[in-house]
Amino acid sequence: MKKKKAQVFNVWDRISYQDTNYRRSIPAEERLSICLRFLATGDSYRTIAGSFRAGISTVSMLIPDVVAAIWDF
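Residue numbers (the working numbering): -16 to 56.
Quick caveat, the hints were computed from the structure, so don't treat them as lab data. Every value quoted in this text rests on a predicted model; they were computed, and no experiment measured them. Do not take every clue at face value.
Estimated spans, in silico, between C-beta atoms of each pair [unchecked claim]:
no., residue 1, residue 2, range
1, Phe56, Glu13, 16 to 24 Å
2, Asn4, Gly25, 34 to 42 Å
3, Ile53, Asn4, 27 to 35 Å
4, Ile39, Tyr5, 14 to 22 Å
5, Ser16, Ser40, 17 to 25 Å
No residue lacks a Cβ here, since even glycine has one placed at the ideal position from N, Cα and C.
Construct all of the structure, not just a fragment, from the sequences and the given hints.
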């Protein structure tokens, strides 16, 4: 069980980013929610971007990043 918990935190660390002086980063919870919504429904990036009030380009870069983090663990 400890190994699985450590792996989940590894994914969490890979999808978390720091805030900067110019922008706030999208929290890991929301990144994971966006990705899971895409994988579960197959909706377009435009629909998901509207649902989460994020940009289409943000969603299009976020989903492959989170999927890669999940796949690698």
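Against the structure, the hints come out as follows:
1. Phe56 to Glu13: 16 to 24 Å: holds (19 Å)
2. Asn4 to Gly25: 34 to 42 Å: Holds, at about 37 Å.
3. Ile53 to Asn4: 27 to 35 Å: With Cβ atoms ~30 Å apart, the hint holds.
4. Ile39 to Tyr5: 14 to 22 Å: At roughly 20 Å between Cβ atoms, Tyr5 and Ile39 fall inside 14 to 22 Å, so the hint holds.
5. Ser16 to Ser40: 17 to 25 Å: holds (18 Å)
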